[in-house]
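Q: Sequence:
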Amino acid sequence: MLAYTYIDKGHFALVEKPKPTLIEPTDAIVRVTMSSICSSDLHIKHGSVPRAVRGITVGHEMVGVVEEVGSEVTNVKPGDRVTINVETFCGECYFCRNGYVNNCTDPNGGWALGCRIDGGQTEYVRVPLANQGLNRIPDSVTDSQALLVGDVLATGFWAARISEISEEDTVLIIGAGPTGICTLLCVMLKRPKRIIVCEKSEDRRRFVREHYPEVLLTTPEECKEFVLKN
688 MLAYTYIDKG
698 HFALVEKPKP
708 TLIEPTDAIV
718 RVTMSSICSS
728 DLHIKHGSVP
738 RAVRGITVGH
748 EMVGVVEEVG
758 SEVTNVKPGD
768 RVTINVETFC
778 GECYFCRNGY
788 VNNCTDPNGG
798 WALGCRIDGG
808 QTEYVRVPLA
818 NQGLNRIPDS
828 VTDSQALLVG
838 DVLATGFWAA
848 RISEISEEDT
858 VLIIGAGPTG
868 ICTLLCVMLK
878 RPKRIIVCEK
888 SEDRRRFVRE
898 HYPEVLLTTP
908 EECKEFVLKN
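Take the sequence shown: its letters are residues 688 to 917, numbered as in the working numbering.
The hints are simulated quantities; they were obtained by calculation from the structure and are not laboratory data. For every residue, glycine included, the Cβ atom is placed at its ideal position computed from N, Cα and C. Check the hints yourself; a few may be wrong.
Ranges of calculated distance between the beta carbons of each label pair, as one might list FRET restraints [as the list claims (entries may be wrong)]:
1. 830 / 694: 47 to 53 angstroms
2. 766 / 856: 41 to 47 angstroms
3. 903 / 702: 43 to 49 angstroms
4. 850 / 827: 43 to 49 angstroms
Capping the alpha-carbon separation at 25 angstroms, the derived lysine-lysine pairs in DSS-like fashion look like this [unchecked claim]:
5. 732 / 704
6. 732 / 706
7. 916 / 880
8. 911 / 887
9. 764 / 732
10. 916 / 877
Sequences and hints are given; from them, build the entire structure.
A: Put into structure tokens, the structure is as follows:
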């Protein structure tokens, strides 16, 4: 199968690799049906992720269909459409039990897929710790709708959750790229009194203006004064 592979700083390439197989009883093999590019993939390409392993298949934002599961996988079965979490985690260590799965102490925990082990910019991916790392997609949800759940939408949800937003608050979101928009959507669920988005790109400001007319917009140059006035 072809896999988009981290060769060296500044160099990714399509490389022929064998289809992955189960290694641990908690693994699952997923046939990737859709994937997307994260800015973290670009960071790897630029050499700014020291822990990224040369030769790995990049990609950690993907959905697919379960092809095979290990003997200890109980939450999904072959044929299930699934999202794949960017963070694989054991669910048992101190960090997992306290909600910080990105710091999972399992050798395959945290950001492993597409960084330390082969990820999803390919046809098939081995997902370790699959009971925690895979979530079934409802039949009413398309692959494209579910694609961002495992990473960028979850990032926005987590940001909104830990910010303790109340209905009397003014919320400032810096940036209206994919993560910023996902954060905006999750912040809107909190129904704050006012939401301000600061974005330097006119195209992105136009997108926010067209889709979320109730949101206030400003630029980095005017942000401080704008926030103080509003």
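Q: Decide, hint by hint, whether the structure agrees.
A: Structure-based check of all given hints:
| no. | hint | verdict |
| --- | --- | --- |
| 1 | 830 / 694: 47 to 53 angstroms | violated, 29 angstroms |
| 2 | 766 / 856: 41 to 47 angstroms | holds, 44 angstroms |
| 3 | 903 / 702: 43 to 49 angstroms | holds, 47 angstroms |
| 4 | 850 / 827: 43 to 49 angstroms | violated, 30 angstroms |
| 5 | 732 / 704 | holds, 20 angstroms |
| 6 | 732 / 706 | holds, 24 angstroms |
| 7 | 916 / 880 | holds, 15 angstroms |
| 8 | 911 / 887 | holds, 14 angstroms |
| 9 | 764 / 732 | violated, 34 angstroms |
| 10 | 916 / 877 | holds, 22 angstroms |
Hint violations for this structure: numbers 1, 4 and 9, all remaining hints satisfied.
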